[in-house]
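S.K.: Line order of the protein sequences matches chains A and B.
The first sequence begins at 1 in this note's numbering and counts up by one.
The second sequence begins at 1001 in this note's numbering and counts up by one.
Each hint should be verified, as a subset may be incorrect.
Claimed, not checked - Lysine-lysine pairs mimicking DSS-like chemistry, simulated, CA-CA at most 27 angstroms apart: (1) Lys-155(A) <-> Lys-52(A); (2) Lys-1088(B) <-> Lys-133(A); (3) Lys-70(A) <-> Lys-1095(B); (4) Lys-1155(B) <-> Lys-1070(B); (5) Lys-1095(B) <-> Lys-61(A).
None of these hints come from the bench; they were simulated from the model.
Number of protein chains: 2
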Amino acid sequence: MNFTEIANTRQSCRAYDSGREVEQEKLNAILESARLAPSACNGQPYHFTVCKNETAKAVAKACMGMGMNKFASDAPVLIVVSEMPYNKTASIGAKLKGNDYRSIDIGITTAYLTAEATAQGLSTCILGWLDDKELRRICNLEHPVRLVITLGYAKEDDKLRTKKRKDISELVDVLE
Amino acid sequence: MNFTEIANTRQSCRAYDSGREVEQEKLNAILESARLAPSACNGQPYHFTVCKNETAKAVAKACMGMGMNKFASDAPVLIVVSEMPYNKTASIGAKLKGNDYRSIDIGITTAYLTAEATAQGLSTCILGWLDDKELRRICNLEHPVRLVITLGYAKEDDKLRTKKRKDISELVDVLE
């Protein structure tokens, strides 16, 4: 699968086959690609907690509320993405430029993780609606949780939807 | 090129072949993949200004200072990534959860853009060291500039370097 196919194929999956586990080999490949992602000053200001079985169920519950993310409890794997402190160089740059590189870095590694999952035939959904305090308690984490990623095989009837995106003319300007 | 190869091959390129232009077809493919990136509540809170020729030179200059990013003026294309306002749904979620989804979204689309560039045989560097005010003036932008991406062909002697990353044991914990 080339990257254009990945970008076209990846979609937020909200219907998982709860009976089908994620192969360890595939999970390793997914985490390895996430590990190789670039980050500001190579700070890698993130940490992944891979949750399965009972922990996955508890994490899913901490991403629900107000009718959100009910499907998460069907995903066999949930990956909790925490934000780690800056390294010194990135911290100085961020202060001088008033830029939050850590959130951008978390976005980049999340894109790598979910792109590799797509390439491996798996499905994901990136959840931002979460109970940080409860997730930290469940996973025994010191630092803030920014995202949770559901990972698993989609149900067979979960078809590819047409993506709704801004037109390229709205998204892009060209200056010469 | 599969995604594992993309993740391994992509590296911050700081030595561009200034005489070699980026083909329009490849640029289109790169922007199209960036366009397809996921974002919180599909808000797509970003805009790309593709800069060439004299504008590219001016943008490169606005990313220099304190010895940083001198190489940027050799890249034939510079893409200025601005942050656009939230859509309403993402804005409500962000307020309720105290999470900055826009920066994460910008990271995701930047990862898509640079991954597709790698797949197309091009090289990139993501610059966070930039003069927001000056870039807004040059590109006539209302909203904040978060990143600038240099894009072009690497010089022939720009070899693949070994990536220094956290060990997987430091990056990942597993809970069952």
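S.K.: It remains to establish, for every hint, whether it holds in the given structure.
M.R.: Quick rundown of the hints versus the structure:
no.: 1; hint: Lys-155(A) <-> Lys-52(A); verdict: holds, 19 angstroms
no.: 2; hint: Lys-1088(B) <-> Lys-133(A); verdict: holds, 25 angstroms
no.: 3; hint: Lys-70(A) <-> Lys-1095(B); verdict: holds, 21 angstroms
no.: 4; hint: Lys-1155(B) <-> Lys-1070(B); verdict: holds, 15 angstroms
no.: 5; hint: Lys-1095(B) <-> Lys-61(A); verdict: holds, 21 angstroms
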